[in-house]
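Number of protein chains: 4
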Amino acid sequence: MGATAAAVPAAAELARRYAAVRRHSLALAEPLSPEDQCVQSMPDASPTKWHLAHTTWFFETLVLQPDAPGYRPVDPRYGYLFNSYYEALGPRHPRPQRGLLTRPTQAEVLRYRQAVDEAMLAFLPHAGPGALQAVELGLHHEQQHQELMLTDLKHLLSANPLHPAYLPAPPAAARPAAPQASALRWLAFDGARADIGHPVHDGFAFDNEGPRHAVLLHPFELASRPVSCGEYLQFVRDGGYRDPRWWLSDGWAAAQTAGWLAPPGWHEVETAQPQVFTLFGLQPLQPAEPVCHLSFYEAAAYAAWAGARLPTEFEWEHAMRHAGAVLRRTGGGDLHPHPRAPGAAGDAGAFEGLHEVWEWTRSAYDPYPGFRPLGGAASEYNGKFMVGQLVLRGASCATPPGHARLSYRNFFPPAARWQFSGLRLARDLG
Amino acid sequence: MGATAAAVPAAAELARRYAAVRRHSLALAEPLSPEDQCVQSMPDASPTKWHLAHTTWFFETLVLQPDAPGYRPVDPRYGYLFNSYYEALGPRHPRPQRGLLTRPTQAEVLRYRQAVDEAMLAFLPHAGPGALQAVELGLHHEQQHQELMLTDLKHLLSANPLHPAYLPAPPAAARPAAPQASALRWLAFDGARADIGHPVHDGFAFDNEGPRHAVLLHPFELASRPVSCGEYLQFVRDGGYRDPRWWLSDGWAAAQTAGWLAPPGWHEVETAQPQVFTLFGLQPLQPAEPVCHLSFYEAAAYAAWAGARLPTEFEWEHAMRHAGAVLRRTGGGDLHPHPRAPGAAGDAGAFEGLHEVWEWTRSAYDPYPGFRPLGGAASEYNGKFMVGQLVLRGASCATPPGHARLSYRNFFPPAARWQFSGLRLARDLG
Amino acid sequence: MGATAAAVPAAAELARRYAAVRRHSLALAEPLSPEDQCVQSMPDASPTKWHLAHTTWFFETLVLQPDAPGYRPVDPRYGYLFNSYYEALGPRHPRPQRGLLTRPTQAEVLRYRQAVDEAMLAFLPHAGPGALQAVELGLHHEQQHQELMLTDLKHLLSANPLHPAYLPAPPAAARPAAPQASALRWLAFDGARADIGHPVHDGFAFDNEGPRHAVLLHPFELASRPVSCGEYLQFVRDGGYRDPRWWLSDGWAAAQTAGWLAPPGWHEVETAQPQVFTLFGLQPLQPAEPVCHLSFYEAAAYAAWAGARLPTEFEWEHAMRHAGAVLRRTGGGDLHPHPRAPGAAGDAGAFEGLHEVWEWTRSAYDPYPGFRPLGGAASEYNGKFMVGQLVLRGASCATPPGHARLSYRNFFPPAARWQFSGLRLARDLG
Amino acid sequence: MGATAAAVPAAAELARRYAAVRRHSLALAEPLSPEDQCVQSMPDASPTKWHLAHTTWFFETLVLQPDAPGYRPVDPRYGYLFNSYYEALGPRHPRPQRGLLTRPTQAEVLRYRQAVDEAMLAFLPHAGPGALQAVELGLHHEQQHQELMLTDLKHLLSANPLHPAYLPAPPAAARPAAPQASALRWLAFDGARADIGHPVHDGFAFDNEGPRHAVLLHPFELASRPVSCGEYLQFVRDGGYRDPRWWLSDGWAAAQTAGWLAPPGWHEVETAQPQVFTLFGLQPLQPAEPVCHLSFYEAAAYAAWAGARLPTEFEWEHAMRHAGAVLRRTGGGDLHPHPRAPGAAGDAGAFEGLHEVWEWTRSAYDPYPGFRPLGGAASEYNGKFMVGQLVLRGASCATPPGHARLSYRNFFPPAARWQFSGLRLARDLG
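Chains X, F, Z and H supply the protein sequences, listed in that same order. If you read the first sequence in UniProt numbering, its first letter stands for residue 1, the second for the next number, and so on. If you read the second sequence in UniProt numbering, its first letter stands for residue 1, the second for the next number, and so on. If you read the third sequence in UniProt numbering, its first letter stands for residue 1, the second for the next number, and so on. If you read the fourth sequence in UniProt numbering, its first letter stands for residue 1, the second for the next number, and so on.
Derived by calculation from the structure, the hints in this document are not laboratory data. Some hints here could point you the wrong way.
Identical copies look the same in the list; a pair holds intra-copy or inter-copy alike.
EDC-like mimics (lysine to aspartate or glutamate), calculated; alpha carbons at most 16 Å apart, straight line [said to hold, decoys possible]:
(1) K384 / D190
(2) K384 / E221
(3) K384 / D238
(4) K384 / E87
(5) K384 / D366
(6) K384 / E30
(7) K384 / E231
(8) K384 / E108
(9) K384 / D250
(10) K384 / E270
(11) K384 / E13
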C-alpha cells in the first residue's frame, strides 16, 4: 500500500481504531444540516456528505472488494460517484460537480457508512497482512478527510453573508484569555548533517515521508511560535498588500487579480477592531492567535517584510526533532476548530503554537531521494502530486488528535488559502 | 405597478388567490429534500429554497414595507439575500452564489413564508388600490417562479448521474397512451391587419404585453401541433447537428463549443430506444410527445431542415386568437411535470398541444410601440431585459394552471435549453 | 447570388468599377507599414493585409474558379487562409488567429491581388449574367471591407499607448470650424403604412434589404442630427455610466464588467479639455461632432437619460425617404476618416449629419417577411447572422463613397464599440 | 547588480563584447520581415522587435540614465513600452499586448538601438566599477533574449498553417548525417558530498547560481545523451499520451485539456514518416536528434514510461563537472537553430548532446541556501520567480555561443513547451 513498510498492525487494535475514527467523522458532521453537508463552495472543496461517502468508498474499494470473500458493493454506482482521483479505479464524477449530488441523500450516505462498517468489522478478524495495511492506510486517509471536512465547511460558511457559525461560540470564560502573544524568541541551530524523514519501524507514515535520508543544513534560527494575527495586522496596515517588493512575482499577480487586501475572512480591517470569520462565526480579531488561512504567497511576503524567510522543510523537521517538540492538541482530545494563542492553554517547551496552524515552508513538494510510489491503486496516493505544490509542516487546530507527525508532509499549491495555514519565521545564521 | 392598467381586483378575491398560489409553491417543493432545495446547478438556475424566499421577499418589500403600517421585516438581512435584480432596491447577493446559502435553512425559510403570509392576510382587507395591484403582480410573479422551480430543479436532477426522479413515474395505465402523434396539419391564415397585445380591461397582464397595437401580417400557415420527439429524432439521425447549413452562425458556434449532439437529457440516441430524462427519471423516448428543452438555435435549425420556419410572435398570437385557441392544462388542475402527446388526453380543436411546451418564435424580444416601463421598482420587471432575447409563446406543462394567456410573452436568450421549450412550424403562403 | 434580383450590370461598366474599387482598397492601405497591416488587435477585428487578401479570395473563389475557363488559383492554400466564414467552401483559418499570418507577406498579398485583378479584367468581357452578378456582389463586399479596414485599423492604433496617427492631422484651416453643433430640431411624422426595403429594379442591394414590404408606423418624431460629443459629455458628467436606471440589464452588466466610463478613445474626461483618439491621433474633443464608437447599450442608455428613445429601423427608413434625405459624403469623394460636425461643410436639408456615424436603431436584426437566403455559397452572406444583433442605419465617415443606401441594414452585436457608431434620438408622438 | 560578486571586467574588453553581442542580435533578426518581427503569438512570447528594444532599454535604464552624465533618453515613452517586469522602474505595457505595438516601427527601433549603442560606446571608457558590472549583466541579459528571439519566433512560425521557414534548409550534404543515435550509455556516480553552484572569482554568473554550497548525493547514473526523437516516438506509439499511469496529476490534466498527442510541431505522427516543424520549415523527423519542445510534464512521463527518472539539478551539475563536460556549440560559432544528433559533428567525451536541448530536471526552482537578491532594480532579476517553476540545465542549439555554464539555472513552468527543451534520463543506483 501507499505507506512505508512497517509492522503489520494487530487486527483487534485496528478494529478499535476503526470504530473510533469512523465515529469521529460522524461527530464532525453532527452540528450540520443536510443542506450544509451537501453544498460545494468551490472546485477545490468538497461537501461534507461527499467526504463521508468517499472515505467509506475507500474501505469498500481497497479492502472489502479485493479481500472480503463474497462482498457485494452497496451500490455499484457509488464507485463512479465517490472515487476522488484514482485513474486506475476507472472513470469518476468530475470534482467541480460534487456539490450537485443531492442524491444519494444524507440518510442514504449514512446507511452506506453503516453497511460498510458492519462488513468491515465482520471482516477484520479474518484479514491478512495486506488487508490490514490497507485498513491502516484507510484510517489515516479518513483522518486527512476529517480535517478537510472542517476546512471545506469553513470555506462554505465564509461565503455566506450571514457569517453563520458551525458551533456556538464558547462562553468567554471557557476561551483562552491571551490578549498578548508570548514574546517571540529565536532558537538557533548549528549547521548539521541531519536525518530527514520517517524512521522505518516507527509506526505508520505515508509513502512521501520516506525514504529517510541525510541532508546538509547551514546554521539557522527558527522562531519560537507562529506569526500572530497582531503581527500580521501590522503588515497589512503597513501597506504590505500594495507593495510588490515583498512579493514573489506569481504572488503579486495572484493578489492583484483576486484583489487580496488581507487574509480571507478578515473584515473591517481598517477599523480599530477588525473581525475575523471563525467556525464560531464572526469574532473580534485576537492579536495573540496565530494568523491563519494564508497562501504561501502571503506567508513569503510577510517573511520578506519582516526581514526573515520561511524555513525549509528540512530545517523545520530537524529543529523540531532536535528540540524534542511534540505535536499534540493543546485542549486535550476535544473538538478545537479555531487556532489558539500559544501559552493560552499551558503550551510549553522550546517551540510553542504547534498543532495550531499548518506552517508553510520554502520547500517545493518534491520526492525524497529514492522515493518510489508502490504498486496498485495506492500508488496514486501521493507521488503524482509532486509538482507545483509547497510543503507545509506541523498540524493545525483542525487536524484530528493522533494524526500529526514530525515527518508529516502536507502540501498545497501556493495560492491555496482555505486551509488552516500560517507560518513560522526563519533566518540564516553566520 | 409593472402591469398594464386594469381594474383593481377585490381584496377578498385576492386573499383567496393569495392563499392558493402560496400553497401551490409549497406543494411543488413537497417531494424534495432540504438538499434538493438548496443546491444551484448553474448560474441561470436558482435553488427551490431561494425561489420560496424570493417570492416572499417580493410581497414583503413591495407590499408590506411600503403599505402595511408598522410592519417590521422578518430579518433585515433577507433584503440583501433575496433581491433578484432590482437595482432600485439596493445591493444584492450575486446570482451565481445563491446555491451557497445553506443558511437560512429550509425550516427558516418556511417560517419566513409563514410570517409574511400572516402579515399579508391580515393586511389585505385594509389594502388600497395600489397595494392590491402590487399583490396581484406578486401573485403572477410567484406563478412565474413556480414554473422556474420545476425547470431549475429538473436541470439540477439532470446533472446527477443517478438520473433521480422528482416524482415516481405514474403507473403505465395512468400515462397517456400515444404511440403516434396526431397527423400534422397546416392551418392557413390570410394576410391581415391584426391587433396584437393584451386588451385593456381584460384582466391582468404584464407591462410587456402592451400597448395593444396593429401589425400587418402576410399570408402564412401554422402547424396544428408542436414538433414531436419522433420528428426531431429524424433530424438528429439525419445528421442535423453536424451540418452547418441548417444553423444560424451563432447557433452553430454554440453547438460546436458545447458539443451538442441532441436535445439535453436525451441518452443512447444512437440506439433503437433512446432514453429521455424527465421529472419521473429516465424514460423511453415517446415519439408522440412534443420535443422539449430546445434552444432557439436548435428550433431554428430544425425548422430550416424541415423546409419551414418559426412563426413570428405576431403570427402566433393572431392565429391562436383567430382559431379560438384556449390555453389550458390538459390533465385538469393536477401537477403535470412532463409534456404529453396532443390528443392523448382529449386535446381538441384546430390547434393541439398547447400548454405542453413553450414555443420559440422568430421574434426578438423588443418593446411594443409606445411601451413605457412604469415607475417604481416594478419598472425593472420586464423592460430592462429587452435586448438579446427571443420571445416564446404559449405555455408549458410546468406553467401553473391559470397563468397562461394568448398575449403572454416569455423570453430567453437563444442558447437557453433548460426551459420546457419546443417549437411549432410556420410557412409563408402565396 | 446574395443580392436581390436586379438588372444585370453591363460588363464594361463593371470593369470600370472593378478597377476603381480595387484601387481604393490599396489607397486605404497606402499610409500603413507592413507591421500596421499585419497585426490583429482583437478577435472581432482583422488585419489590413487579411482584408486585402480576403476580398481577393472572394473574386477568385466565387467568380474565377467556377466561371473562368482554365483558371488556376494563385495558391491553393489561400482558400484555407482567406475564407472568412463560408462553411460551404470548406475549413478555414480560425478568425482569432488572422494576425499570426506574417506569411504570406505584404508583398505576396499584393502580388495575389495583381494576379487576380489581371485574371478578372481578362475574364469580365466574357462573363455571363450569373458571373456578372457575382462580380457586383464582390464589389459591394469589398466596399464593406474598406470600411472595416478603417475600423479595425483604428482599433489597433487606439490600443497603442503612443496614440499613433493613421494620417497626419490636416492643417487647422482645412478642418471644419464648428465649435457649436447646429440646434437640435425634431421632425414629426404621422402614423402611416410605410413601404420598407429596397425597391426591386432600383439597382443593387443585399438580400437582407428585401423583400420590400409594408409596416404600420405610429406617430413619432426624429432628431434633425445625431447626438453630439458635447451632448454626450453631459451624460458622462451627469454620472450616466454609474446609474443603472438608464441601462438595459445586459448593458449595465457589460459596462460594469469592462469598466466603461466613457466612449472608447475618450481620454482625460474629467478635465476641462477631454481628448479623443481619432485616425489623426489624439485630438481635443469637438463638442459639435457626432459622438462615435458607442455600443448599442450606451446609445440606449443615453436615449433613456435624455427622455427619448432610439428609432426603429422602420421609422428611420420611412422618415429619411419621406424627407428626401440623401446619403452622400460631405467632403466630396476624398478620404474622410473622422466624423464631422453637421453644417460644417454645407450640410443641408431636413436631416443633417448623415454619412457621419452609423445610427443604432431599436430593431433587432431579424429577417423581413418572406426573406429567403438564395442558393450557393452566397446564401451565407447575411441570413445566418440574423440573431443577437441590432440594426444600424445610415452610413459613416468611413463608408466608401457610393456604398450607402437608405435601405442598407448594417448590424452588430449590442456590445460592439469599434465601429463608427452613434445615435439619433426619436420620440413617440400623440 | 544581480550577478554574484566577481572581478570587475575591463572596459576595453567589455566594449569589444558589447559590440559583438549587439551585432549578434541584429544578425538573428536579419532574415525576418518587419511583420515577422512585430507579431506576438501568445502572451508568454514576445515579438522580435520588442526583444531588440527591450535589451536596448536595459542598457539605457540601468547604465546610461544612472551613470552617464547628461544622457537624455531617446524617447521618454520607451520606458513604459519596453520595461519587461521591473516593478521598481514604474508601470509598464502589459505583456500580452506587446504584439500590438506596430509603432515604433522596425526602423525606429533600429535607430533606438543605434543611438544607445553610440552612447554606450562613448560612455564605456569612463565607466566606474558599478556601471561596468551593470554592462556585463546587460550583455548576459541580451544573450538570454537572443535565445528567446528564436524560441518566440519559432512559436510564431509554427502557428502558421503554411509552415514557413526562418532560414532555408541547408543542402543535404551540409546537414549532419545521423540516421542512428549513438547507443545510450549509463554513466555511474557514487554517493558524494558535492559542491554546487558557481565558484566565486570564476567569471560572471547570475545571482541564482549561488551561493556555492554542498549537498549530499546518493549513488545514481545518468544517460550519456538526451532522449532522441526516435525513442520518444516509441513512447508516443506505445500510447504514452493516453495512459495516466506515466503522468503527474497536473501533467495529465494539462495534456487532456490541451489535447496533447505528441510534442508540439510533430505532424503526421501516425504515418511511417512523421514531420517535425523546425526553423527550416517542416522536415522529416530525424530519429537520432534529441527530442525537443517538451514540457516538464512530458519529460517526466517519458522517464516514468522508460523506467527511469529525471535527474535533480544537483546530480546533473555534479555529474557534468565530475566528467569534465564542456558546453560548447558543436558547429562552431555559426547560427545553429535546430538540435543535432550527438556524434553527428564530432561530439566526444563521456557525455554527448550537450548544448542541443535544455534538459528538464526534477528540481523545483528554489533559492540556494543563503541566497539573497541584491539591491536595486536588478534584485528583481531572478529571485522573484522562485516558485512554481522547474530548473533546466545545460544549453540548447539556440543558446548563443559563450553563454552556457555548468552552473546555469534556466527555469520555466512545467507546462511550457515553446522552449528548446528535452531531457536526459537518470536512475537510482544501489
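A quick look at each hint next to the structure:
Neither within a single protomer nor between protomers do K384 and D190 lie at most 16 Å apart by alpha-carbon distance, with minima of 34 Å and 28 Å respectively. In the homo-oligomer, the alpha carbons of K384 and E221 never lie at most 16 Å apart, since the shortest distance is 33 Å inside one protomer and 23 Å across protomers. Within a single copy, K384 and D238 get their C-alpha atoms no closer than 40 Å, and across copies no closer than 21 Å, so neither meets the 16 Å cut-off. In the homo-oligomer, the alpha carbons of K384 and E87 lie at most 16 Å apart inside one protomer (11 Å), although the nearest pairing across protomers, at 36 Å, exceeds that limit.
Within a single copy, K384 and D366 get their C-alpha atoms as close as 10 Å, which meets the 16 Å cut-off; across copies the closest is 20 Å, which misses it. Taking the closest pair of Cα atoms, K384 and E30 never come within 16 Å of each other, the shortest separation being 34 Å inside a single copy and 45 Å across copies. When the C-alpha separation of K384 and E231 is checked against a cutoff of 16 Å, the pair qualifies neither within a copy, at 37 Å, nor between copies, at 24 Å. In the homo-oligomer, the alpha carbons of K384 and E108 never lie at most 16 Å apart, since the shortest distance is 32 Å inside one protomer and 45 Å across protomers.
Proximity of K384 and D250 under a CA criterion of 16 Å is satisfied inter-copy only: 8 Å between copies versus 23 Å inside one chain copy. For the homomeric pair K384 and E270, neither the shortest alpha-carbon distance inside one copy (43 Å) nor that between copies (29 Å) is at most 16 Å. In this homomeric assembly, K384 and E13 never come within 16 Å of each other (Cα to Cα): the closest approach is 31 Å inside a single copy and 50 Å across copies.
The structure does not agree with the numbered hints 1, 2, 3, 6, 7, 8, 10, 11 stated previously, though it agrees with the rest.
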